[in-house]
Amino acid sequence: MNIKNPSRKQFTAMFCQAMKLTSIMAVLALVCFLFLTFIDYDIYEPDSFRKAAHFFNDLRWNGIKYPANLAFIGAGLLNGMLCFNFAWSKKQSNVVLSLGMKKSDIYFAKILGGIVPMAVTFLLAGVAETISNAAGNFIVDSRFFAMAAFTMLQYLAIYILSFTLSSAVMANTGNVVEGVIFTFILAVFPMTVKSFLAHTFWQFTHGAYISPEGPGFNWSNPFQAFHNLEYEFMQTYFYNNSAILPSFSITQWSGTIMAFVYAAVVVLLGYLGFRKRRNEICGTWGRAKGMNEIAGAFTGFYSAILLGLIMFNENHGNASFLTYLTCCGSFVLAYVIFKIVFGYKRKKEVKTAINRIPVYAIGFAVVFMVFSLGFFSYSSKIPEASEVKSVKVSSPYYKTFDEAFSGSSEYALKLTVLGYTNTPDFDGSMYMDVANSPNISFSEYSDIEKVIKIHESFVREGKIKNNGAHSCATNVMITYTLKNGKEITRYYTESTEGTTLKLLQLNDSSEFNKILFEYLKYCTGFDLSQEAVPENGEDGYVEITDDGEYIESEAYEKIIENFTYHNSALHCLADKPCYIFPTDMSSGYKLGYIEKDLYTAIITDLKNKTANQYFNHSTEDEVGVLSFGLSNSSYILSGSYDPLEGIIYQTADEKAVSDRDIITEEDNHPDGSLRQTSWNINSSDIKAIVITKDMKNTLEYLEEHDLMKHFERTLNAQDVKSVRLATMGELCDGSYDNSEIFPIFYGGFWTSQQMSEWVRENSIHKYYNYFFENIHNEITDRKQIEKLLGQSVIFGYCANDSRIMEITYKDGSVATVMVRAQ
Amino acid sequence: MIKVSNITKTFDEFTAIDNLSLEVSNSSIYGLVGYNGAGKTTLLKTIAGVYVPDSGTVEMDGIDLFKHPEKKQELFYVPDDLYFGLSSSMKSMAKYYKSFYPNFCMDTFHKLAGLFGLDINKKIMGFSKGMQRQAEMVLGLSTLPKAILLDESFDGLDPAKRNLTKKLLLDYMADKECSILISSHNLHELADMCDHIALMNGKNIAIDCAVDDMNGSRCKFRLAYTDNIDSNIFKGIEYKNYKADGKIVSFTVSKNLDEAERIIAATNPVLIERFPLSLEEIFLEEMEDTDYDFDKLFS
Numbered sequence: 004m005n006i007k008n009p010s011r012k013q014f015t016a017m018f019c020q021a022m023k024l025t026s027i028m029a030v031l032a033l034v035c036f037l038f039l040t041f042i043d044y045d046i047y048e049p050d051s052f053r054k055a056a057h058f059f060n061d062l063r064w065n066g067i068k069y070p071a072n073l074a075f076i077g078a079g080l081l082n083g084m085l086c087f088n089f090a091w092s093k094k095q096s097n098v099v100l101s102l103g104m105k106k107s108d109i110y111f112a113k114i115l116g117g118i119v120p121m122a123v124t125f126l127l128a129g130v131a132e133t134i135s136n137a138a139g140n141f142i143v144d145s146r147f148f149a150m151a152a153f154t155m156l157q158y159l160a161i162y163i164l165s166f167t168l169s170s171a172v173m174a175n176t177g178n179v180v181e182g183v184i185f186t187f188i189l190a191v192f193p194m195t196v197k198s199f200l201a202h203t204f205w206q207f208t209h210g211a212y213i214s215p216e217g218p219g220f221n222w223s224n225p226f227q228a229f230h231n232l233e234y235e236f237m238q239t240y241f242y243n244n245s246a247i248l249p250s251f252s253i254t255q256w257s258g259t260i261m262a263f264v265y266a267a268v269v270v271l272l273g274y275l276g277f278r279k280r281r282n283e284i285c286g287t288w289g290r291a292k293g294m295n296e297i298a299g300a301f302t303g304f305y306s307a308i309l310l311g312l313i314m315f316n317e318n319h320g321n322a323s324f325l326t327y328l329t330c331c332g333s334f335v336l337a338y339v340i341f342k343i344v345f346g347y348k349r350k351k352e353v354k355t356a357i358n359r360i361p362v363y364a365i366g367f368a369v370v371f372m373v374f375s376l377g378f379f380s381y382s383s384k385i386p387e388a389s390e391v392k393s394v395k396v397s398s399p400y401y402k403t404f405d406e407a408f409s410g411s412s413e414y415a416l417k418l419t420v421l422g423y424t425n426t427p428d429f430d431g432s433m434y435m436d437v438a439n440s441p442n443i444s445f446s447e448y449s450d451i452e453k454v455i456k457i458h459e460s461f462v463r464e465g466k467i468k469n470n471g472a473h474s475c476a477t478n479v480m481i482t483y484t485l486k487n488g489k490e491i492t493r494y495y496t497e498s499t500e501g502t503t504l505k506l507l508q509l510n511d512s513s514e515f516n517k518i519l520f521e522y523l524k525y526c527t528g529f530d531l532s533q534e535a536v537p538e539n540g541e542d543g544y545v546e547i548t549d550d551g552e553y554i555e556s557e558a559y560e561k562i563i564e565n566f567t568y569h570n571s572a573l574h575c576l577a578d579k580p581c582y583i584f585p586t587d588m589s590s591g592y593k594l595g596y597i598e599k600d601l602y603t604a605i606i607t608d609l610k611n612k613t614a615n616q617y618f619n620h621s622t623e624d625e626v627g628v629l630s631f632g633l634s635n636s637s638y639i640l641s642g643s644y645d646p647l648e649g650i651i652y653q654t655a656d657e658k659a660v661s662d663r664d665i666i667t668e669e670d671n672h673p674d675g676s677l678r679q680t681s682w683n684i685n686s687s688d689i690k691a692i693v694i695t696k697d698m699k700n701t702l703e704y705l706e707e708h709d710l711m712k713h714f715e716r717t718l719n720a721q722d723v724k725s726v727r728l729a730t731m732g733e734l735c736d737g738s739y740d741n742s743e744i745f746p747i748f749y750g751g752f753w754t755s756q757q758m759s760e761w762v763r764e765n766s767i768h769k770y771y772n773y774f775f776e777n778i779h780n781e782i783t784d785r786k787q788i789e790k791l792l793g794q795s796v797i798f799g800y801c802a803n804d805s806r807i808m809e810i811t812y813k814d815g816s817v818a819t820v821m822v823r824a825q
Numbered sequence: 041m042i043k044v045s046n047i048t049k050t051f052d053e054f055t056a057i058d059n060l061s062l063e064v065s066n067s068s069i070y071g072l073v074g075y076n077g078a079g080k081t082t083l084l085k086t087i088a089g090v091y092v093p094d095s096g097t098v099e100m101d102g103i104d105l106f107k108h109p110e111k112k113q114e115l116f117y118v119p120d121d122l123y124f125g126l127s128s129s130m131k132s133m134a135k136y137y138k139s140f141y142p143n144f145c146m147d148t149f150h151k152l153a154g155l156f157g158l159d160i161n162k163k164i165m166g167f168s169k170g171m172q173r174q175a176e177m178v179l180g181l182s183t184l185p186k187a188i189l190l191d192e193s194f195d196g197l198d199p200a201k202r203n204l205t206k207k208l209l210l211d212y213m214a215d216k217e218c219s220i221l222i223s224s225h226n227l228h229e230l231a232d233m234c235d236h237i238a239l240m241n242g243k244n245i246a247i248d249c250a251v252d253d254m255n256g257s258r259c260k261f262r263l264a265y266t267d268n269i270d271s272n273i274f275k276g277i278e279y280k281n282y283k284a285d286g287k288i289v290s291f292t293v294s295k296n297l298d299e300a301e302r303i304i305a306a307t308n309p310v311l312i313e314r315f316p317l318s319l320e321e322i323f324l325e326e327m328e329d330t331d332y333d334f335d336k337l338f339s
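As you go down the protein sequences, you meet chains A and B in turn.
Under my numbering, the first residue of the first sequence carries the number 4, and numbering increases by one thereafter.
Under my numbering, the first residue of the second sequence carries the number 41, and numbering increases by one thereafter.
Quick caveat, the hints were computed from the structure, so don't treat them as lab data.
Cβ-Cβ distance ranges computed for the label pairs, FRET-style:
#1 B:M165 to A:L115: 26 to 36 Å
#2 B:S45 to A:L325: 55 to 65 Å
#3 B:D101 to A:P70: 50 to 60 Å
#4 B:S65 to A:V191: 48 to 58 Å
#5 B:S65 to A:K292: 33 to 43 Å
#6 A:K292 to B:R302: 50 to 60 Å
#7 A:Y347 to B:M165: 23 to 33 Å
#8 B:N76 to A:V191: 36 to 46 Å
#9 B:N161 to A:N88: 20 to 30 Å
#10 A:V191 to B:S127: 34 to 44 Å
#11 A:A149 to B:L126: 40 to 50 Å
#12 B:L126 to A:S214: 49 to 59 Å
#13 A:L115 to B:D94: 29 to 39 Å
#14 B:N161 to A:A149: 48 to 58 Å
In silico DSSO-like pairs for lysine-lysine, Cα to Cα no more than 30 Å straight-line:
#15 B:K201 to A:K94
#16 A:K292 to B:K243
#17 A:K12 to B:K162
#18 A:K279 to B:K43
#19 A:K106 to A:K93
#20 A:K505 to A:K699
#21 B:K138 to A:K23
#22 A:K106 to B:K131
#23 A:K12 to B:K131
#24 A:K106 to B:K216
#25 A:K105 to B:K138
#26 A:K94 to B:K135
#27 A:K489 to A:K384
#28 A:K105 to B:K131
#29 A:K106 to B:K138
Here the structure is a predicted model, which is why all the values come from computation and not from measurement.
Just so it is clear, CB atoms sit at the ideal spot from N, CA and C, and this is done for glycine as well.
Same shape as in the complex, but just chain A (with noise of 0.2 Å):
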């Protein structure tokens, strides 16, 4: 009696032993990958532009991919239960580890018994699609070979994955209930590291970016196909006979080499695991001590992540101690109770749990030390001026004033000034959405060597905490675009005030300058850069047609030729015209639509104003505000407004009364308040000028065409009831700091007669906001009050020794303004 054969022989018995018991999964997926292949051969005909019809195509839809992923994915977990099923029956793990085989043997022999009857189905599948494609004149060539390979790999990577990891999970643990949880707790762990990453990147290292969510190398989540596959890229090979097949990228091909190496480490691991199973843990539960330690861990290391990370700190943004601490408490907390729970001698494993807990401590401080110590001089990375080819600036998001008026919203004038805006579209996920984003680019030298000094200063501060007296919410990132070609960002959320105030230095560029021409562009329809320029009719206003859509001018077509957004110019000329407010804010002069001199006068300013002259004006120098994009055709309170015909009909009388008139008419409101325009104002998309006096240019035009008149304040100081004070901090919902609240100031005003609209809309008993819910600090002392409104501005930096002032006058009408510190 030789020993015959022994490795080879046993092994092919063990291996065929597991393909009996996966096959029929296997079989299950070929039948419907045939019922695919078969089921719409008859109903679609080849034709000139359908090139695949069976389930190549059919995979693509989500209600067949989504499945399919599903299904495979419980394909391969069931299949591991089914192959390693003797590590959990006593009775069977006798048989099968007394049999003359090495372990190796038996475990690779299992595994490959697994994977190989579905590979094979994956291949019948594919010769059968095939087959029919070519029977039915579609096209087979090497495109179509590609796409299927394509396809299939996917959908076979994802079922090996599951099934090389429920088999790796099931020959290390003692039963069944112990296996499927602790494949699930091992399946999402590459998901789970990427979150931890991010997260911690993104609070512990100064200067963290993080690239918004997109199609990227998929090392995160190998078990969704098609993760990076657009829907149009086999669309458009399908469906366009012309199409040629794109090539596939390394980046959709991710998920499916993911897949495939993270099933090889699986293997591997599990191997080396098995082969030193004690198999007394077979059939108990928490015996399986190195997978009960892995599973503890990482379950832990999850509640670390959501508790610790996402729950407590995301919003915080502070990377501190506490967040260790809440990390590290996290962990322990949900390390302890696994092992409460899936202990076999509880007290022992606690105890022992107690004991390892200092490790895993120390693994968060140097993991959390590394991203707080710079990510390897990631933080101070700053390219040499020389390297760069252009530097992108933006504000991505920032918290804005506008939470101050949260309870009314439609707060009547809210000043948004030029050049500055909100994103309120942020999602409050850590992934920065920059598509809506206030962009400035520089190119020129001296101004990336500006840009480079600004980034020293941020990286020269370091992270410094958001709540600090002397920190500023800034949400600046920076985006260097070398010369090599690649790019360095970097994105800070708070910075001193000092730096603060040199970031706004930027807008004594010439590019910063662009963009307010292109925001006056938008706003008034204007462009100086086109030859074209819509005349004045004889009335100085550009004449609108019936429909009111489109003006009968030779020049405004060829504005519309040009204007590569001329709907939006249309619209804005048809509808957003120009009016004149003075600095109470209380009522507008309807300019009408602007002229090209006013226009020129205000280009011509802006561009020689300096940083320090438009954000650190002194309440003298503030002459008004110069506001467009007021839509007065879509928001009237009491009446309507016809933009043809200039005029509005009072719903009160029906007397119709010219929209110029409008704005002095005194209209005798029942609470007696003094002046009530009858008209309200979207302060949706309001884009203002804060008139200065060294705004020479624009004061000379307003002059000459006698409209300084309409700067003159209608409320002072007399007319005021109360104030109230408050900080930034206070004013956005009172659980942020001035320090969290982007610092610059745009005022607002709100009259009586809105403000009871308001209450009524809202079938409320009285108008509220957040100053008059809040803030209860109400000065009523005259002398104080003019002391407070001569140091009043309407819009500027917001220094964290500032504060916010809201006027409420005697007529009911409420506005908001800044006061400097001194």
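With chain A fixed as given, assemble chain B onto it according to the hints.
For chain B alone, kept in the frame of chain A given last:
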């Protein structure tokens, strides 16, 4: 030949086997006796490779089974808990074992199945417990192993089948020079078929000798005196289970029996009776020193 050298197996803090060694020669049936939890099954599972020992080696014909598990294709382990596939018949199990045991003989399988009167096409799960044991025995012997490990394999067998199985094993052992290691609680069964027996007394082997030697190695003395006597007069004898009932004294002796008898004779008893100890008595005597002290337990 199976040679177990210095095997230690622990389950967490509990040591089931401590530095145990034994040897099962060719053409030998080695009986393993011990109380519940003495480590018999653990030892068999360790030899079979189901358990990985903490230390020690198991050799079969001089080949280390842990390093060369393929050698186990000449070894068949019949566990206490039998496993058959849910819908397996003896025939399908034969095919299964045939693929893993290259020496599997279908002729032998058919003959043995016929001998036991087992239907090889019937589902084994439908067999009685005893029939399942017979089936496993048939399958095991059909692999023509050079070594067989039997764990309580006679449990559930009726007397006829038990005798048949014993006879088969004895014949097979003699014919194939097979090494058989069998554990059982039934000392009588082992006594009449084993040529060597080991008594496991928790963690280790208390007694390990040939059955013939064991039969004469211990005896029980029953003595009668004319007066009450003091046990001190037996100084020089290593005795156990000393009992004095008036003038009647009894005890067992496990060493130097003739010397003990000479000392006893010197005490001038009226009557000396010397009885050889049965295996069961030897087993119980060894049990005396264990934690299973029933007297103390219920006193």
